[in-house]
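Residue numbers (the numbering used here), protein chains in the order written: chain A, 1 to 232; chain B, 1 to 159.
Derived from the structure by calculation, the hints contain no laboratory data.
All values derive from a computational prediction rather than experimental measurement.
Glycine included, each C-beta is placed from N, C-alpha and C at the ideal position.
It is possible that some hints are incorrect.
Unchecked claim - Here are a few chain A residues that sit away from chain B, every Cβ distance over 10 Å (derived from the structure):
no.	residue
1	Arg21
2	Met24
3	Pro47
4	Arg56
5	Glu58
6	Arg64
7	Gly106
8	Ala108
9	Gly155
10	Lys156
11	Ile174
12	Pro179
13	Arg192
14	Cys198
15	Arg226
Said to hold, decoys possible - Incomplete in silico selection of chain A near chain B, CB under 10 Å:
no.	residue
16	Leu9
17	Trp10
18	Ala12
19	Cys13
20	His18
21	Leu23
22	Ala48
23	Ala51
24	Val151
25	Asp175
26	Ala177
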Amino acid sequence: MSNPLPDRLWPACLSSLHLDRFLMGELDEPEAERVRAHAAACPRCGPALEAIRAARDECLPPLRLVPPAGDSRRWWAAAAAGAGLAAAASLLIVLRPPGERSKGSGFALAMYVEHGGEVRRAGPGETVAGGDAVRFAVTAPQPAYVAVLSVDPLGKGSVYFPSGARAERVQAGIDVALPLGTRLDDSVGEERIVGLLCAAPVELEPLRQRLERGDATFPDGCQVTRWSFVKR
Amino acid sequence: MTLDRAAIERLYRSHGHIVLRRARALLGSEPDAQEALHEVFASLLRTPEGLRSATSAVAWLYRTTTHFCLNLLRNRRTGARLLESLAPALPAGSRSEALAELRKLLSRMPPDVAAAAVYHHMDGMTHAEVAEVLGCSRRQVGYLLERVPQSLARLEQSA
């Protein structure tokens with residue numbers, strides 16, 4: 001097979017890392033002077049350096065502590081811009097501590113809430129407004145297939161994550177943000193969240209239906225963690 | 001180095017452009033690049049130790065951004081959404097086409113091989129620079145880059 005990767009996609013002879021370090025003042029003075037002199041004379045490194053320098057002038061958006069991801073980003077942006085988000089602020093939801101944790105598995109589910117343009121990690125007793133954006137993060141000791149399901153106050157089951165029909169593989173890590181967000185609806189009462197960490201990409205529709213029927217059994221090889229929300 | 005929110009905000013203002021430029025090149029998608037920009041700095045609140053112990057803030061940002069973007073490429077591949085969304089976002093041109101091809105391949109390579117390929121092929125880093133960013137020996141870098149064509153061959157066979 002011919003290698004479709006060009007030998008170098010970077011157009012300059014000095015690496016982008018080296019040029020960035022130069023511009024950020026990380027090089028010692030002799031090396032900085034060498035780069036300065038080289039870039040002034042090199043038809044490839046001079047323009048590359050100027051392009052990097054020009055990019056520094058770009059105005060960055062305000063920093064968010066937890067960014068939206070995947071499909072949620074468009075939705076989240078729309079939610080933040082929408083007047084409906086503020087209008088829903090009278091509906092309050094109290095987040096309760098996790099009601100059940102998988103025994104000794106290291107698996108944990110966290111939730112981030114975006115309200116009024118501010119994002120924060122939700123914790124026990126956290127009060128948030130209905131209509132807020134939420135996004136989940138998992139702590140997983142090894143790569144696994146993850147899903148987050150819920151049963152709303154009316155008993156309707158739904159899948160927060162993923163958007164596909166089966167649990168989606170997530171890398172091992174601490175607080176790995178799931179690339180899909182959603183917005184809390186305006187139903188009132190208790191909403192139960194079930195996080196699954198599975199060894200295989202389990203089918204989710206049967207589990208959703210089972211949750212609606214009040215059946216809390218899950219496939220072998222799945223660890224389970226639960227949250228409970230009370231919407232006021 | 002203390003890393004309270006104010007310090008992270010200052011670092012974001014001074015160095016954020018590096019992350020954004022890099023994420024755009026790796027992901028080929030402005031919304032994804034914006035996501036990477038915020039996630040890289042937000043990660044400092046959760047795990048500041050990596051940057052505290054780093055000798056170069058720029059190198060740490062390169063490494064963290066690359067790690068995040070490659071994960072995102074792999075995640076997107078699962079849903080087959082990234083490649084569909086890339087096509088209209090990329091301007092015409094041989095380098096853009098090469099980058100698009102590279103993204104497809106990176107999402108399917110072993111993570112360490114993909115990272116080495118990014119640093120060497122996209123950033124033009126020498127083996128010594130790649131070794132510094134990855135925290136491994138130059139010999140290991142050579143080994144990883146040697147595996148790039150092998151990975152490509154396997155991908156072709158499995159296609």
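Hints and how they fare:
1. Arg21: 5 Å, violated
2. Met24: 5 Å, violated
3. Pro47: 14 Å, holds
4. Arg56: 5 Å, violated
5. Glu58: 6 Å, violated
6. Arg64: 5 Å, violated
7. Gly106: 16 Å, holds
8. Ala108: Holds, because the least Cβ-Cβ distance between Ala108 (chain A) and chain B comes to about 13 Å, which exceeds 10 Å.
9. Gly155: 29 Å, holds
10. Lys156: 25 Å, holds
11. Ile174: 7 Å, violated
12. Pro179: About 5 Å separates Pro179 (chain A) from the closest Cβ of chain B, which leaves it inside 10 Å; violated.
13. Arg192: 26 Å, holds
14. Cys198: Label holds. Min Cβ-Cβ 15 Å, cutoff 10 Å.
15. Arg226: Label holds. Min Cβ-Cβ 23 Å, cutoff 10 Å.
16. Leu9: 5 Å, holds
17. Trp10: 3 Å, holds
18. Ala12: 6 Å, holds
19. Cys13: 7 Å, holds
20. His18: Hint on His18 (chain A): holds, closest Cβ of chain B at ~7 Å, below 10 Å.
21. Leu23: With a minimum Cβ separation of about 9 Å from chain B (threshold 10 Å), the hint on Leu23 (chain A) holds.
22. Ala48: 9 Å, holds
23. Ala51: This interface hint holds because 9 Å falls under the 10 Å limit.
24. Val151: 25 Å, violated
25. Asp175: 6 Å, holds
26. Ala177: Holds - the Cβ of Ala177 (chain A) comes within 10 Å of chain B, reaching about 7 Å at its closest.
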